[in-house]
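Build out the structure end to end from the sequences listed, making use of the hints.
Here the protein sequences line up with chains A and B, keeping their order. Position 151 of the first sequence, counted from 1, bears residue number 151 in our numbering, the numbering being contiguous throughout. Position 316 of the second sequence, counted from 1, bears residue number 316 in our numbering, the numbering being contiguous throughout.
I should point out that these hints are in silico values taken from the structure, not numbers from a laboratory. Everything numeric in this text was worked out from a predicted model, so none of it was measured. A couple of the hints might just be wrong.
[Stated by the list, open to error] For lysine-lysine, the following DSBU-like pairs were computed, each having C-alpha atoms within a straight-line distance of at most 35 Å:
#, chain 1, residue 1, chain 2, residue 2
1, A, LYS149, B, LYS314
2, B, LYS329, A, LYS149
3, B, LYS329, A, LYS220
4, A, LYS191, B, LYS84
5, A, LYS107, B, LYS73
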Amino acid sequence: MKTLFKHAALATMIGLSTPGLASLAYVSNEKDNTLSVIDTETQDVIETIDVGQRPRGILLSKDYTKLYICASDDDTVQVLDLATRKIVDTLPSGEDPEQFSLHPNNKHLYIANEDDAIVTVVDVETKDVLAQIDVGIEPEGMAVSPNGKWAVNTSETTSMLHWINTETFEIEKNIVVGQRPRHVEFTRDSKIAWASAEIGGTVHIIDVDNLEQIHEMSFKVSGVNQDRVQPVGIELTSDGKYAFVALGPSNHVAVVDAQTYEVLDYLLVGARVWQLDLDKDEKHLYTTNGVSGDVSVIDVEDLKVIKSIKVGRYPWGVVIDPTS
Amino acid sequence: MPRYQLMRLLGLTALLWLSLVLSVQAAPLQLTIGYIQWIPDTGPVLSNVIPEPEDAGLRGAELAIADNSTTGKFLGQTYSLQSKVADSGEAAIAAFDTMHQSGIELFVVNAPAATLKTITEKAGANTLIFNAGAKDDALRTGQCRANLLHTIPSYAMLTDALGQWLNQRRWDEVFLITGPTEADKGWADAFRRSAKRFGLEIVEDKPWTFDADLRRTASRELPLFTQASDYDAVVVADVRGDFGEYVPYNTWLPRPVVGTQGMSPVTWHRVVESWGAAQLQNRFRELAGRNMNSEDYAAWAAIRAIGTAVTDLKSAEPAEIRNFLFSDKFQLAAFKGRKLTFRDWNGQLRQPIPLVHPRGLVARAPFEGFLHPNTQMDTLGFDRPESECRING
Chain A
1 MKTLFKHAAL
11 ATMIGLSTPG
21 LASLAYVSNE
31 KDNTLSVIDT
41 ETQDVIETID
51 VGQRPRGILL
61 SKDYTKLYIC
71 ASDDDTVQVL
81 DLATRKIVDT
91 LPSGEDPEQF
101 SLHPNNKHLY
111 IANEDDAIVT
121 VVDVETKDVL
131 AQIDVGIEPE
141 GMAVSPNGKW
151 AVNTSETTSM
161 LHWINTETFE
171 IEKNIVVGQR
181 PRHVEFTRDS
191 KIAWASAEIG
201 GTVHIIDVDN
211 LEQIHEMSFK
221 VSGVNQDRVQ
231 PVGIELTSDG
241 KYAFVALGPS
251 NHVAVVDAQT
261 YEVLDYLLVG
271 ARVWQLDLDK
281 DEKHLYTTNG
291 VSGDVSVIDV
301 EDLKVIKSIK
311 VGRYPWGVVI
321 DPTS
Chain B
1 MPRYQLMRLL
11 GLTALLWLSL
21 VLSVQAAPLQ
31 LTIGYIQWIP
41 DTGPVLSNVI
51 PEPEDAGLRG
61 AELAIADNST
71 TGKFLGQTYS
81 LQSKVADSGE
91 AAIAAFDTMH
101 QSGIELFVVN
111 APAATLKTIT
121 EKAGANTLIF
131 NAGAKDDALR
141 TGQCRANLLH
151 TIPSYAMLTD
161 ALGQWLNQRR
171 WDEVFLITGP
181 TEADKGWADA
191 FRRSAKRFGL
201 EIVEDKPWTF
211 DADLRRTASR
221 ELPLFTQASD
231 YDAVVVADVR
241 GDFGEYVPYN
251 TWLPRPVVGT
261 QGMSPVTWHR
271 VVESWGAAQL
281 QNRFRELAGR
291 NMNSEDYAAW
301 AAIRAIGTAV
311 TDLKSAEPAE
321 IRNFLFSDKF
331 QLAAFKGRKL
341 TFRDWNGQLR
351 QPIPLVHPRG
361 LVARAPFEGF
371 LHPNTQMDTL
381 GFDRPESECR
391 ING
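Encoded structure:
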């Protein structure tokens, strides 16, 4: 009887989790060693997948068949097959991988190794380590420009953006920004890069052609102490209209006019908002809230928070598979 | 002149000119920071089960030099440390004299207040001293010097953190035990002030006078010593760790023990791991082979503050560094979840204070609800109106 019940439950689970029904969001839970899978139609968690220790950065392969997971405390990058939702492989990553970014060629994975002050470049097909590049202390944010020309790494304690030439794997420029830079996001045309500085409380707008800062923004959330306004994750809409900036322990997401850099609104979400991602038609924005252990869903048209979804402990990263 | 020689000469001139241009662009900068440590022997202690590391402070300074150098290599800046762990106050002052005469103008000092004051006075206006050891409140309330900054929190900052915590737990009746040393009295005085600030009542205020070896008698002596009709917590002021470790579980009433032992307000502790602190802890352990403590953190913060200023200024002039550290542009990212800045009236580094027990983090002050018009962090320690110091006019 017990076995029968188990089988039935399993069957239901499999039925529920059959990919292809709706667009799915994947959330890494840093202190639960799991991924939560959210159905973006129903906005419910449909499955929780066991992964390696301290999962943080996650990203999708360019063909949307795999999810790469930084299992920081296992010193490895895990590869999850999205069709079966099983870990099928691991990649050499260097020590303590935190964030990473995949080159548009779908092969070169740039990994920030926080404890070692290096960026490791791995070929995901051959598993060869192509390069290890010395950067500043506590490399964190990692982004490759959509045109594939630049890989940018932020080093938190050095407070720099390191611009790595993706052909030579050499640093060509270092730009000093605010204290504790965390994240870089490129516009679709690769012309502008947005970089957040957590302790500096700033977002820096970089002109990619000239590799120079053209604007610096700061934030003010009413009723929140200024030193708790700490920008981390950034997400840009593809129409160039909005930038969303997660402001960490201020528990707010800033809505920014991506053309004028004017802050339009601050939206209250869960506690310590960290990373964010748009769903496939860019109608909803999902944010991970580390301390409250949930994901907030923002309606992009109305700029309103419409739901919070309970996930695991300390949700860190979120990516939405647009093809599922 | 043969033609090849002329060519070589021209080439050499071009090279010289080129290197001159390059050097102007990269502006290479070599900076040596002095570190002076003198920790007086605290005498034999009873509860000396786990000794304190003798290089506390020094290793933090070394880590910060490495951190600064990693950043500096992208900017053509190199940092080095000249350090002296002295065995007397005189030796510490002599080491300062030697380093100062050799041209060092930035110092981190981990020594008692008297030694620190002598060094600060000898240093003169164009030399900056960072205090990474002396917690005495007097250094922040009346005996301030324009060239002296503090990265170690004062006793008042620590006890205010504890006072806020006791207040928000509503454990407001406390039994205070104070050891015999000057440091114990300094800590206890600071706590009495905190008690007044945060509405705590000290129902018993007893000096520790026993000289028995508590390893044999703790379970017999302490219950009697802590007899009182009622209290919510026992507060221990035993800075050197003479008897305090024996107080928990040996009190007359079943009550928690807080203060210098039990749950303690500290500058830093191995259990702090949020806000990226895990990375700092790992880096430190790799360097020193032990956990990072409060003195290590204070020395690290001082040299990182210098590094942050030099990165921005591209200059190592003490006067310029000092101006920068007190300007709106300075903020230290120091793994405490907030940007740290210096109080402009007394040179104290503002910072959250973790409250820890030996194996875990309990809470972090300041707490919500304790309000301040400028920054909540100024609810910890002597605020501007309470200090006579005005080192920036």
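Exercise. Holds or violated: are the alpha carbons of LYS329 (chain B) and LYS220 (chain A) at most 35 Å from each other?
Worked result: holds, 17 Å
*For the pair we were handed, LYS107 (chain A) and LYS73 (chain B), check the Cα-Cα distance against 35 Å.*
holds, 30 Å
Holds or violated: LYS191 (chain A) to LYS84 (chain B), with C-alpha atoms at most 35 Å apart | violated, 52 Å
- Message: Does LYS149 (chain A) sit within 35 Å of LYS329 (chain B), going by the straight-line distance between their CA atoms?
- Response: The hint holds at about 33 Å.
Point to revise | Proposed proximity, LYS314 (chain B) with LYS149 (chain A) (alpha carbon, max 35 Å) | key: Holds, because 30 Å separates the two Cα atoms, which is no more than 35 Å.
Of the numbered hints listed earlier, the single one contradicted by the structure is hint 4.
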